[in-house]
Amino acid sequence: MASQEMEELVSREYTQGFVTDIESDTVPPGLDESTIAFISNKKGEPEWMLEWRLEAYRQWLTMTTPSWAHLDYPPIDYQAISYYSAPKKDEDRPQSLDEVDPKLLETYEKLGIPLHERAALAGVAVDAVFDSVSVTTTFKDKLAEAGVIFCSISEAIREYPELVRQYLGSVVPQGDNYFAALNSAVFTDGSFVYVPEGVECPMELSTYFRINAANTGQFERTLIVCDKRAQVSYLEGCTAPQRDENQLHAAVVELVALEDANIKYSTVQNWYPGDENGKGGIYNFVTKRGDCRGDRSKISWTQVETGSAITWKYPSCMLRGKDSVGEFYSVAVTNGRQQADTGTKMIHIGEGTRSTIISKGIAAGRSDQAYRGLVKVGPRAKNARNFTQCDSLLIGDRCGAHTFPYQEIGNNSATVEHEATTSKIGEDQLFYCKARGISEEDAVNMIVNGFCKDVFQELPMEFAVEAEALLNVTLEGAVG
Amino acid sequence: MLEVKDLHVTVEGSEILKGLNLTVNPGEVHALMGPNGAGKSTLSAVIAGKDGYEVTSGEVLFEGKNLLEMEIEERALAGILLGFQYPVEIPGVKNIYLLKAALNAQRVARGEEEIPAPEFMKLVREQLSFMKMDGSFLQRAVNEGFSGGEKKRNEILQMLVLQPKLAMLDEIDSGLDIDAMKVVAEGINSLRNADRAILMVTHYQRLLEHIVPDRVHVLVDGRIVKSGDKNLAHELEARGYEWVLEESAA
Ligand SMILES: Nc1ncnc2c1ncn2[C@@H]1O[C@H](COP(=O)(O)OP(=O)(O)OP(=O)(O)O)[C@@H](O)[C@H]1O
Ligand SMILES: [Mg+2]
Chain B
1 MASQEMEELV SREYTQGFVT DIESDTVPPG LDESTIAFIS NKKGEPEWML
51 EWRLEAYRQW LTMTTPSWAH LDYPPIDYQA ISYYSAPKKD EDRPQSLDEV
101 DPKLLETYEK LGIPLHERAA LAGVAVDAVF DSVSVTTTFK DKLAEAGVIF
151 CSISEAIREY PELVRQYLGS VVPQGDNYFA ALNSAVFTDG SFVYVPEGVE
201 CPMELSTYFR INAANTGQFE RTLIVCDKRA QVSYLEGCTA PQRDENQLHA
251 AVVELVALED ANIKYSTVQN WYPGDENGKG GIYNFVTKRG DCRGDRSKIS
301 WTQVETGSAI TWKYPSCMLR GKDSVGEFYS VAVTNGRQQA DTGTKMIHIG
351 EGTRSTIISK GIAAGRSDQA YRGLVKVGPR AKNARNFTQC DSLLIGDRCG
401 AHTFPYQEIG NNSATVEHEA TTSKIGEDQL FYCKARGISE EDAVNMIVNG
451 FCKDVFQELP MEFAVEAEAL LNVTLEGAVG
Chain Z
1 MLEVKDLHVT VEGSEILKGL NLTVNPGEVH ALMGPNGAGK STLSAVIAGK
51 DGYEVTSGEV LFEGKNLLEM EIEERALAGI LLGFQYPVEI PGVKNIYLLK
101 AALNAQRVAR GEEEIPAPEF MKLVREQLSF MKMDGSFLQR AVNEGFSGGE
151 KKRNEILQML VLQPKLAMLD EIDSGLDIDA MKVVAEGINS LRNADRAILM
201 VTHYQRLLEH IVPDRVHVLV DGRIVKSGDK NLAHELEARG YEWVLEESAA
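Line by line, the protein sequences give chains B and Z.
Following the numbering used here, the residues of the first sequence are numbered contiguously, the last one being 480.
Following the numbering used here, the residues of the second sequence are numbered contiguously, the last one being 250.
Accuracy of the hints is not assured; some may be wrong.
No farther apart than 25 Å at their CA atoms in a straight line, the calculated lysine-lysine pairs in the DSS-like style are these [unchecked claim]:
(1) B:Lys424 <-> Z:Lys50
(2) Z:Lys100 <-> B:Lys453
(3) B:Lys453 <-> Z:Lys165
Some chain Z residues flagged as far from chain B (calculated, every beta-carbon gap over 10 Å) [said to hold, decoys possible]:
(4) Glu73
(5) Gly92
(6) Ala194
Think of the hints as simulated: they come from the structure by calculation, not from any bench.
Predicted model, so just to flag it, every value in this text is computed and none were measured.
Built from N, CA and C at the ideal position, the CB exists for glycine as well.
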């Protein structure tokens, strides 16, 4: 098949692009200390929190935007962004779905996420973040029974200040990097999870992040703490309406796993990637880091990335505890003019620590993606082990995939293995399938899904189904 | 059923098929023989619709329809199935998944319902044991890590499940041990019936002892230069191609 046809096949319109018209109560664009005070005040935060934010802001002022070899984007005007936006009736938030703005529910419908159904059928507690304020939270009772805290970060700051104070910024410090510093200064919402000692969270926790008000940067902050022998599986999914201006998203996710704790964090991300020329997409600069603080603790990141104009994201694990385990399973699909620079960092600090990295990149159209992985083994990490596998699949001949594996091995008892492959979607594979009567579109989906199987099987069941569907939509095109 | 008329095909600028004529009727088994590089695989690839072959003149009709205007998958859905000489591996895609997708594509094209899972499993298990294949082959990725002989059996398994009108087999006998040859031949023979045609490319008489052809053709330099019955294959086995070449040059 001609590569041009191939490209038509993978080009597609963003099917979830639309704008919901909910009146926002937004601060004027711009950022200074008074903006931060406004946000903190609006959220009813204690004094220490405001101080913490201001500290972050002052550090941010001294920092400069990082530049990366494989991303190319115009400079962001941080004074043109509005840092707070909330649905109007902030005070009386809906207590049940009946009270939720029907327009919001409509939005979920269009996204194919019937919230109530999903929540009820799948037994998933949903803390839906709409713009910057949690609009609805369900299944609280069941979680409360188990002693699990799952709420918005703002609520946690008010209700569980000791826990938040103890852990916030303990994995990603305020000054960690440019975007983390900005996030620390202005974050408006996000989720907080605390699973107490010995508790296995009775359901998968899920949050839908969406971006809605025009020109509003999103600064989510998520903090998940799993106490000794506790377990939790957290799902994050994103979609955003189509629009003209690039939108900045700079989230921070911190995970803390104490002794024998197990955290599984899964993301399916489908932000608007921009039109064919890359106009209008989301800029996604995210800091995600897990801290395996306790012995034998385990943190597993699984992600399926199909959206954004620009993605910069390296979920990482600090393997401090003895025999702790870090995992990273990733599928990244880029199309059109998307750029993605993703990967992971596995920092082996404790003895006997193990990590696994499986990265699958699919590039189509004129997109460009890079995998950048760091495996670092410290001097105390005796017998540390890492296995890395990075596979790239190219669709058409105007896209690119690059792999940059970095290794810093400070201990000669460590075992580090790296395997990498790059292949073009096989004309032979396509011909084989089509010669059995399978349509081109189905054949592409089949081959691509097969390529991603090692990662998909790590996703929770319903998410795996969603991920496959999402991949098919992403690669859907004008066949026939 | 299949009519190839004065077919000229060019690959990357050089003419490979140079006026090929072939007619295959329902119920017949045809063997296509000939020296390396003569164009046998090219012919089956052109009939299946593979890209990269330019038909400069001539016609290929299947049940009266112009095949050359049809997409690859349309040809398959019309009942033409190509058994590959080198079946490709598709990592991560279960063999059974491909089989089911292919069968359902056929059924949907015929306006039928997709096959219910239990019925499908029953069908596949029957054919699987006929091909003396282990059930684990269904759960493995398509052809991944299959031995040469296992890949060939898998091709026949697909034929048995998909029941094509015209089965084309390119060197299905290459790389088969003696027992596997028998199993594969039995599979192919079980496909023989009054409505179905089979076109086999082979270099060896051995396969034709198991599957006795109605017609044997010798393809040399892009043309069929000699046709005959099964005895022609014996003669080729005994005497090679030299004499055919001389005869056709004369
Ligand atoms: N993609 C291609 N590019 C260039 N030449 C090709 C291509 N495909 C086929 N050919 C040439 O066409 C000729 C016929 O090839 P084909 O594979 O049809 O032969 P064959 O009769 O099947 O031979 P064998 O018995 O060795 O399998 C050969 O000379 C081959 O090199
Ligand atoms: Mg050949």
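Here's how the hints hold up against the structure:
1. In summary, the hint linking B:Lys424 to Z:Lys50 is supported, as the alpha carbons are separated by about 18 Å, within the 25 Å threshold.
2. Only pairs whose Cα atoms come within 25 Å are accepted, and Z:Lys100 paired with B:Lys453 is accepted, the gap being roughly 18 Å.
3. In summary, the hint linking B:Lys453 to Z:Lys165 is not supported, as the alpha carbons are separated by about 34 Å, beyond the 25 Å threshold.
4. Residue placement check: Z:Glu73 does not keep its beta carbon more than 10 Å from all beta carbons of chain B (closest about 5 Å).
5. A cut-off of 10 Å between C-beta atoms contradicts the statement that Z:Gly92 is not in contact with chain B; the least separation is 3 Å.
6. The claim that Z:Ala194 lies off the interface holds: its Cβ sits roughly 23 Å from the closest Cβ of chain B, which is beyond the 10 Å cut-off.
The structure fails hints 3, 4, 5 (numbered hints given earlier, in ascending order).
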